[in-house]
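Chain residues, written in single-letter form:
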Amino acid sequence: MPLFGKSHKNPFELIKSVQEALIAVEKGDKKAEKATEDLSKNLVSIKNLLYGSGDNEPQIDIAVAQLAQELYNSNLLLMLINNLSRIEFEAKKDVAQIFNNILRRQIGTRCPTVEYICTKPEILYTLMKGYEKHDIALNSGSMLRECARYEALAKIMLYSPDFYNFFLYVEVSTFDIASDAFSTFKELLTRHKILSSEFLEANYDNFFSEYQNLLNSGNYVTKRQSLKLLGELLLDRHNFTVMTKYISNQDNLKLMMTLLKDRSRNIQFEAFHVFKVFVANPNKPKPILDILLRNKEKLVDFLTKFQTDRADDEQFNDEKAYLIKQIRELKPSEDTRASSSNQLSSQQSSSSSSSHHQHPSA
Amino acid sequence: MELEKCYFKDGYLIDDESNEPLSFHRVNSVEILYEKKKKRAKFIGNYVLGDMLGEGSYSKVKEVLDRITLERRAFKIMKKKRLRKIPNGEQNVQREIELLCRLNHANVIKLIETFYNEEKQKLYIVMEYCVAVLQELLDSVPDKKLPIWQSHGYFSQLLDGLEYLHSKGVIHKDIKPGNLLINTSGTVKISDFGVSELLDSFSQSDIISTSQGSPAFQPPEIARGCESFHGFKIDIWSSGVTLFNITTGSYPFEGDTVYKLFENISKGEFTIPSDLDESLSSLIRGMLDVDPDSRFSLIEIRNHDWLRKKLIKNCSPVTIPTRPNGDALRSMTVLPYLQNLHYPSESSIDIWKGSYSTETSDQNKNENTSANYLSAATGSQGKKKFCGRSTTSHKSSKNKFFGCSGIKSFCQQS
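Line by line, the protein sequences are chains Y and U. Letter by letter, the first sequence follows residues 1 to 362 in full-length UniProt numbering. Letter by letter, the second sequence follows residues 1 to 414 in full-length UniProt numbering.
Bound conformation, chain U alone (with noise of 0.2 Å):
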C-alpha cells in the first residue's frame, strides 16, 4: 500500500521529460525495477532545469535555476512547430518579448533573457520566478473568493502595476486573475503581454482597434463589436471583473456560449451580492460602466474610498495551495535533480517524503539563501539602473546563444 502511493506520488513529479509522443523505447527486465525514476540534471544555457510548472497553449514552463546567481527563474519554452499552428502565434511571441524588453517594474513580470536553439527549434525566454498564480488561490478554496483585505493588498498593486504600464503606452488587454502571478513576498506581477498592444508614443489618443482577451473579461464596446474603442479603459474594465471575481468567487456577466456572454456583458446588466460593502460596490460599478467615457480612470479609482481605506485582517488569508505532490513550501524542484548529479547514490532517498529529515530543512535554508540572492540581485539592479540602461544591455549581453536577431529569424522565417 505504502509503495503504492509512493509510486504515484512520483508519477506526478516524472511526466515533465518524456513528451515526445512515439518514442518506443525497450526496458531491460533487470531495469524493471521498483524503484523511481531518477531525476536527471539537465542543463540549458546558465540554467539547471527543474519540473514543470505549468503549460499554455504555446509553451511549456518550468522552474530553473540560474547556476551563475543561484536565482530562481522561469523558464519558457516554446517550440516553433507549435507556435506556428497558433493563429498569430509567431507575432504575439516576438511582441510580447519586445514589450517586457521595455518594461521594469515592480508589479510587471521581468525577463531576464531569451535564446533559442537552433537545432531543437525551441525558444527559451528567462523570467522572473513567481511562485503561483492569483487564479491557483482562488481555486484552492470551495468558494473561489479571497478574503477583502487580501483583494485589496492585491488589487492595489495590480493598480500600480497597470499605471505603470499606461504610463509606458503599454495596453495589456488581457487582465484576469490567471495572468496575476505571486512571488514569494506576496508581490503581484501582470504578466503574459501575448495579446497586449504598444500605442505609438506620438499619437494623442489610445484608441485601438483589436482585442483578443479572454472572453468574459471583455468589455461590452468589444463584445458589441465596435470597431475602435479606447485602450486604457479595457484594462480598466478588465480589472473590474478581476476585482468583481476576487472579492465574489464568480464573474459578473456569464453565458453558455461565447454568443450569450457578449450579449449580456453588451447589455452591462449585472449584479453585485449584497454581502459586499457600498464602497466596494460603487467602486466595481464605476469600473464596469457601460459607457468607456465615464467609466473610471485610474486616477478616479486610486481616489476611491475603498482604495484609500486601509483593511483590517479580520480573518485569515487563503494561502498559496500545497503543490498536487504534497509540498506545501513549493520548494525549489531543481533540487532533488542535483542531488542526483552529485550524490547519485543516495539518490533514492524520497526527499519529498522527508523520511531524511535534514533533507527538508535543507531544502528551506537553500530557499531563503535563494532568497537572499535575489534580493541582492535586485538590489544591484536598483543601482544599475542609476547608471543608465545597463540592465537591458546586460540582459542581452548574456544573450549569447543566438542574440535577439535568432529570435526575430525564428519568428518570421514561418
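Next comes chain Y alone, as it looks inside the complex (with noise of 0.2 Å):
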C-alpha cells in the first residue's frame, strides 16, 4: 500500500459505493451532485485496477476476480449502463472501458461475463437502445460492438426485436452517431458468418423490406454504406442461399439498374457490383432474363459507356467487358421470346420508375 495518496479500497468496498452513489444518484435528490462525483471517482480506481495507472500495475488477478464476482452479484454492470447518461463525461468512458476489460475476462475456456450477460440479455438491449440517447449512444456503441465480438451475445442481440431498430439508428441526422451505428450494425452481419447467415436466410423477407429503405434512402452515407455491404454480404460464400434468394427477385435487379443511374458515381459504382452478379448468375430466373433482355441493347449501350474513365482500374474494366458479353449474349427462353419483342423499348423507364416507387413490402 502506498505511504501517501488516497486510501485503497477493496473490491469489495469499491462495488458498494458505487452502487450506493448510483442509487443516490438514480433518486436526484440534493445529493446527488455529490454522489456523481464520488461515482466518478471510484470508477477510475476500478478502472485503475484493472488496467493499472500512472507506475502501477494493474491487479494481480484475485482483486480481478474478487472485482467480477462482485460486479455480477451486485448485477451493477446493468445499474451503470441504465443511468449512463447520469453520470459524468468522462467517467461516461471509464464505464466503458470497465465493461469492456470485464468482458474479455477469461478462465481457461470459459468467458464467465459472456456467460453471465447471457442470462441478463437486458444489459445488451438497454446498450442498443443507447443509440437513442446522443450523449450515450457512442460509449453505447463501444460496448455493443465488444459484445459483438461473442458469438452468443451477437446471436442475442440479432434475433432481437430491438435488431431492427438499427435501421433507424443507420439514418439519425448526426453524422458520428449515424456511422457507429452502421460499424456496430455491420460488425453484427458479418463477424460470425454461420451464425449471421442463419440470421439472414431465417429473416431473409423481414430483414431485406427494410434493408430496401437504407438502399433508397434520401441520405447519401447511407444508401453509399448499405450498398456496399449488400455487395460484400452477398458475395461472402457463407451467404449463399441468401444470395441466390437476393439475385431471383426482379425487383432487387430493378433497383440496382436504378441505383446504375444514380447521380453520385460512387453509388453508381457500388451498384455496378451488386449488378454484375444479377448478371453473372448462370442460371437466372424467368423474370430476371425478361428484365435483361428487354433491355438488352440500353444496358449494352449504357455499361459501354459507363465509368470509362475508370481505364487504370483493370478488375473493373473486366468485369464490365465481361457483363457487356453475358448481356450480348443472352438468349431469350423458349417461353418468354413472344412475350418480350413487343414490349423492347420503353421498358427501361418503367422498369425504373417502378422500382423508385417500390414500397418495401413488395
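There's no promise every hint is true.
What the hints assert, rightly or not - Below, simulated PhoX-like cross-link-like pairs (lysine-lysine); rule was C-alpha separation at most 20 Å, straight line:
1. Y:K305 <-> Y:K325
2. Y:K186 <-> U:K168
3. Y:K261 <-> Y:K320
4. Y:K245 <-> U:K168
5. Y:K193 <-> U:K168
These aren't lab readings, by the way, just hints derived from the structure by calculation.
Make one complex out of these two single chains by using the hints.
So this is what it looks like as C-alpha cells:
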C-alpha cells in the first residue's frame, strides 16, 4: 500500500460505494451532485485496478476476480448502463472501459462475463437503446461492438426484435452516431459468418424489406454504405443461399438498375458490383432474364459508356467487358420470345420508375 | 584477421547485383582495393532497391523503399525467361496477381501494385513488407518448434485469414510455415497464392480437381489420387499439419520419397508426441481426420476448446532470428544504398558494424518512422475502403508503366 495518496478500497468496498452512489444519483435529490462526484472517483479507481495507472501495474488476478464476482452479484453492470446518461462525461468513458475489460475476462476456455450477460440480456437491449440518446450513443456503441465479438452475445442481439431499430439508428441525422451504429450493424452481420447467414436465411423477408429502405435512403452516406455492405454480404460464400434468393427477385434487379443511374458516381459504382451478380448468374430465373432481355440494347450501350475514365482499374474493366459480353449473348428462353419482342423499347424507363416508388413490402 | 572477417561479411551483402552468369569485367589495378563494394542506389519506378530478402523458384524478392510514401515494401522480381521454363509458371503468376487484387484482409498479404518492364522482360510485383517467414523462426531453434502459446497466437491469425479467404471463395492449397509471413508487429500474413484456386461464385459446392501444393501438407484424398475433392477441407488439413509442425517440430507424416510419403498420408496414421496436452491433440486429430466429411470445419476449429483458451506466456517466445550479416533488428537494407547515394565519401564507414554509433540509432529511428508511415497509410486505406473500391483503383492508378494489360500480354505471349 502506498504511503501517501488516497486510501485504497478493496474491490468489495469499491462496488459497494459505486452502488450507493448510483442509487443516490438515480433518486436525483440534493445529494445527487455529491454522489455523481463520488461515482466518478470510484469508477476511476476500478478502472485503475483493471488497467493499472501511471507506475502501478494492473491488479493481480485475485483482485480482478473479486471485482468481477462482485459486479455479477450486485448486478452493477446493468445499473451502470441504465444510468449512463446521469453519469459525468469522463466517467461514462470509464464505464465503457471497465465494461470492455471485464467482458474480455477469461478463465480457461470460459468467458464468465459473456455467460453472465447471456443470463441478463437486458444489458444488451439497454445498450442497443443507447443509440437513441445522443449523450451516451457512442459509449454504448463501443460496448456493443465489444459484445458483438462474442458469438453468443451477437446471436442475442441479432435475434432480438430491437435489432430492427438499427435500420433507424443508421439513418439518424447526427453523423457520428449514424456511422457508429452502422459499424455495429455491419459487425453483427459479418463477424460470425455462420450465425449471420443463418439469421439472414431465417429472416430474409423482414430483413431485406427493411434493407430496401436503406438502399433508397435520401441520406447519401446511408445509401452508399448500405449498398457496399449489400455487395459484401451477397458475395460472401457463407451467404450463398441468401445471394441466390436475392438475385432471383426482379424488384432487386430493378432497384440496382436504377442505382446504376444514380446521380452519384460512387453509388453507381457500388451498384455495378451488385448488378454484376444478377448478370453473371448462370441460372437466371425467367423474370430476371426477361428484364435483362428487354433492356439488352440499352444495357450494352449504357455499360459501354459506363465510367470509362476508370481505365486504370483493370478488374473493373474486365468485369464490365464480361458483363457486356454476357448481356450481348443473352438468348430468350423458349417461352419468353413471344412476349419480349413487343416490349423491347420503353421498358427501362418504366422499370426504373416503378422501383422508385417501390414499397419495401413488395 | 579483423579485415578478413569484414570482407567475408560484406560478400554476403553484395551478392545480389551481379546475377548475370557470364559477365566478365576487367578490373584496373588501382581499383583493386581492400574496400568494400559500394552500394549503388538503384531506382525502379518509385522504389529504391535494397538487399535481397529471398529467392524462390519463380522470383527474387528484394526489399525496397517507396520513395513517395517512405514505406518498406517487398519487391518480387520475375524474369519472363525463367517463368517460361516452369510448368504452369506464367498461369500461376497471373492467377496470383488476379487473386491478390481482390483480397483485403489483415492476415493476407497485400498487393500494392505491379508493373512490367518490356525492355528487361521483367515483371515487378510490389507487396507489403514482412520481416520474416514463420519457417525461419522454426529453423532458428534446435528443436524446430515454437512455444505452445506462441503457436496459439499465430494459428488463430491463420484461421482468421483462412476464414476470410474461404468467404471469398479462395482455396489457398499451399498452407505451410514457409508461406506464412510475419510483419514487425507480429501479424501473420498468408502469402504465395501461386497454386490457389478461386471458386466460381455461383457453384454451390467447393469440389475441385487439382492441387499442386507441397507434398508433406497434402491430405489423404490427394495422396490417394482422388479425381475430385472438397477444396476448403484441403486447407484445413494443411493448417492441421502446420499446427502439428509448429508445436512439435516434426511432421505427422514422413517418407523417404514422395510415394512413401503419400502412402503414409493415405493411411492417415500418425502419433502425437505425448507432451502435447489433450485439448491440442484432439484439435490436431480433428483437423487431420482422413475423412474430409468428418474433418473439422473452420467453425468447429474456432469453437474448439484449445482456441477458446487463453494461454499463459510461460516461456519466452522464439524471436525473429538475426540476419546472416549480424543485423539483429533486420533494419531497412535500403539505407546503406541511400547513404552511398547522398554521402558517397562517408560510405566507407561500415554501418553494420556500428563503428559509427549514431548511425545505428539513426537506423532505428528510420525504422520507427517508416512504421508510423505504415500505420498512417493503413489508416487512410481503412477510410478509403469506406468510399468505394478505391483501394484497387488506387493501386492500379499507380500502374503508370504498363498497366495490367502489360502483365497479361506478358503472361500470354508465350
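Self-check item: Restraint check for K245 of chain Y with K168 of chain U, where alpha carbons must lie at most 20 Å apart
Solution: 19 Å, holds
Quiz item: Regarding the pair K261 of chain Y and K320 of chain Y, is the alpha-carbon distance no greater than 20 Å?
Solution: 15 Å, holds
Quiz item: K305 of chain Y and K325 of chain Y: Cα distance at most 20 Å?
Solution: 14 Å, holds
Quiz item: Are the Cα positions of K186 of chain Y and K168 of chain U separated by 20 Å at most?
Solution: With Cα atoms ~17 Å apart, K186 of chain Y and K168 of chain U stay inside 20 Å; holds.
Quiz item: Can the restraint linking K193 of chain Y and K168 of chain U be considered satisfied, given a maximum Cα separation of 20 Å?
Solution: 12 Å, holds
Hint check: no violations occur; every hint is consistent with the structure.
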